[in-house]
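Starting from the known structure of chain A, arrange chain B on it as the hints suggest.
Order-wise, the sequence lines are chains A and B.
Mapping of the first sequence onto the numbering used here: residues 1 to 270, in sequence order.
Mapping of the second sequence onto the numbering used here: residues 271 to 483, in sequence order.
FYI, nobody ran anything at the bench for these hints, they're computed from the structure.
Each residue gets a CB set at the ideal place from its N, CA and C atoms; glycine is no exception.
Be aware that a few hints might be false.
Now the in silico label distances, taken between C-beta atoms and shown as ranges [to be verified]:
id: 1; chain 1: B; residue 1: Ser462; chain 2: A; residue 2: Thr200; range: 53 to 63 Å
id: 2; chain 1: A; residue 1: Asp184; chain 2: B; residue 2: Pro361; range: 30 to 40 Å
id: 3; chain 1: A; residue 1: Gly256; chain 2: B; residue 2: Ser335; range: 53 to 63 Å
id: 4; chain 1: B; residue 1: Pro432; chain 2: A; residue 2: Thr70; range: 41 to 51 Å
id: 5; chain 1: A; residue 1: Thr237; chain 2: B; residue 2: Tyr365; range: 39 to 49 Å
id: 6; chain 1: B; residue 1: Ala283; chain 2: A; residue 2: Gly267; range: 11 to 21 Å
id: 7; chain 1: A; residue 1: Thr237; chain 2: B; residue 2: Arg364; range: 20 to 30 Å
id: 8; chain 1: B; residue 1: Pro446; chain 2: A; residue 2: Thr170; range: 11 to 21 Å
id: 9; chain 1: B; residue 1: Asn434; chain 2: A; residue 2: Gly29; range: 14 to 24 Å
id: 10; chain 1: A; residue 1: Asp184; chain 2: B; residue 2: Gly395; range: 26 to 36 Å
id: 11; chain 1: B; residue 1: Gly395; chain 2: A; residue 2: Thr115; range: 51 to 61 Å
id: 12; chain 1: A; residue 1: Thr237; chain 2: B; residue 2: Pro361; range: 14 to 24 Å
id: 13; chain 1: A; residue 1: Thr170; chain 2: B; residue 2: Asp417; range: 50 to 60 Å
id: 14; chain 1: B; residue 1: Pro432; chain 2: A; residue 2: Pro220; range: 24 to 34 Å
Subject to a maximum C-alpha distance of 20 Å in a straight line, what follows is the list of computed SDA-like cross-link-like pairs (lysine to any residue) [said to hold, decoys possible]:
id: 15; chain 1: B; residue 1: Lys433; chain 2: A; residue 2: Glu229
id: 16; chain 1: A; residue 1: Lys135; chain 2: B; residue 2: Lys433
id: 17; chain 1: B; residue 1: Lys433; chain 2: A; residue 2: Met223
id: 18; chain 1: A; residue 1: Lys158; chain 2: A; residue 2: Thr168
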Amino acid sequence: MKLRTIALAGVAALTLTGLGSGLALAQSGPPPVASIPSLTGKSTSVKLDSGFTDALSSLQVTPAPTGSATVEDGNASFPITGGNVTVYKPGEVTPYVQGMIMHDGSGLSLTKGDTRVTLEDFVIDPGQPATLKGKVSANGSVVAESVTLFDLDGSTLKPITTDASAGTATLTGTTVKLSTDAADALNKAFSTDALKGGTTVGIATIVVNLPGSDGGSGMPGAMPQGGAETGGGSTATGGVDSTLLAGGVLALAVAGGALVVVRRRAGARG
Amino acid sequence: MASRTRSWAVAIALVAATGVVLVVLGLTSGSRAAAPVAADARAPVPVSATPAPASPEASPPVRISIPAIGVESVVNPSGLNPDGTLEVSAPGPRYDQASWYTGSASPGQDGPSVILGHIDSARNGPSVFYRLAQLRPLDEFIVTRADGASLVFRVNSVQQYPKNAFPSQQVYGPTPRPEMRLITCGGPFDDSARSYRDNTVVYASPIGAPTTP
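Excised from the complex, chain A in its bound form (with noise of 0.2 Å):
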């Protein structure tokens, strides 16, 4: 009887293991609310906090958009060059939205008499910790080309719009604050410790297209299907299922056991 105890264990172990196995072959994460592999363009826009410009008058410091950047209305905006976003329904994964928004050739200068610092080519990376990143030039000369100017509070971020009319989808109520890095790097250039991280800067607006959305150019020959047959598996690896392995080898540890016990008693019978 208990022979036949161990054998049953051991083939509802198989059968368990079986289970587990095509459990984990149908896990997957959940589905995005919405991907974009390449964004083609639209803005972020910033509405300047009050508290930011005050502190920035106070210094006499003057804010002014460069390059393809704007400042209208207390509103900076920066133009959509390139990256990714990806985004999921909140809750489900964190964070929610995920990718790079790249924004080159656009940026804010901020001047005080003969000083002039510029922040610039942000790309606006949404994990965790989100933060917007930029190039930070003092008088023309590149001080560094990637550091953290802004920490983004995502926790205000409201879901996602859509507007089909006009092909586009809004991401809004990210807290843009200014880090502490910035902060210290802005002082020591302007000569002052009035400027303080976590300094909120404002609340931006994220406008992306909808993939194809806007027309666009297709190719100018015929549009190829389906994906591209472009390997031969030489340099493939793995090929060892650990689980029907790890099956296996209980299987014959089972058998095995029952053989001792078998002979055993065998043995003690004769």
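Below, chain B without anything else, positioned relative to chain A:
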């Protein structure tokens, strides 16, 4: 008593045989995957940083350089197979070189331009786009055209799609500006079909005006 012992022997033999079968299957039937995608934290590799969209006259690409993954390759023209899929380099001297689909946009012109390359061969190991999946957003690469103009492209994203659910419209469809798609194989290798199950697609857009010699 003898029949009972025989029953146990049969049960043990069955479990042992199952174990042998599973071990053999486990060692041989697992999915073989494409070259591992590095999750390294290396900084993006820039080759230029002068922003400005380009829109030159049509001219086919003749060379591609991707410093981040060590690619330096001639680019040959290629067409479509009878079934409408992209034609790839056949075994021979051009197998390990990149190819450009002649029906796609010239690099730098509005619309998607498509350059593809093998990840490996059946017997001879890595090929030109073996490390394509290791590219990251912000990496840059250079495409040189037959007219001598060079364009710098910046990676927007790297995606992996199952071949049986390939988003053709998303990859090859119209774009409002110049775009580049680099394509190779990826994912698990299906030994029975002698084919990788996925494709890796790199989405990129040009930065900077084309430079001419």
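Going through the hints against the structure:
no.	hint	in the structure
1	B:Ser462 - A:Thr200: 53 to 63 Å	holds (59 Å)
2	A:Asp184 - B:Pro361: 30 to 40 Å	violated (59 Å)
3	A:Gly256 - B:Ser335: 53 to 63 Å	holds (59 Å)
4	B:Pro432 - A:Thr70: 41 to 51 Å	holds (42 Å)
5	A:Thr237 - B:Tyr365: 39 to 49 Å	violated (21 Å)
6	B:Ala283 - A:Gly267: 11 to 21 Å	holds (20 Å)
7	A:Thr237 - B:Arg364: 20 to 30 Å	holds (26 Å)
8	B:Pro446 - A:Thr170: 11 to 21 Å	holds (18 Å)
9	B:Asn434 - A:Gly29: 14 to 24 Å	holds (19 Å)
10	A:Asp184 - B:Gly395: 26 to 36 Å	violated (50 Å)
11	B:Gly395 - A:Thr115: 51 to 61 Å	holds (56 Å)
12	A:Thr237 - B:Pro361: 14 to 24 Å	holds (22 Å)
13	A:Thr170 - B:Asp417: 50 to 60 Å	violated (41 Å)
14	B:Pro432 - A:Pro220: 24 to 34 Å	holds (28 Å)
15	B:Lys433 - A:Glu229	holds (9 Å)
16	A:Lys135 - B:Lys433	violated (39 Å)
17	B:Lys433 - A:Met223	holds (16 Å)
18	A:Lys158 - A:Thr168	holds (16 Å)
Hint compliance for this structure: hints 2, 5, 10, 13 and 16 are not met, and every other hint is.
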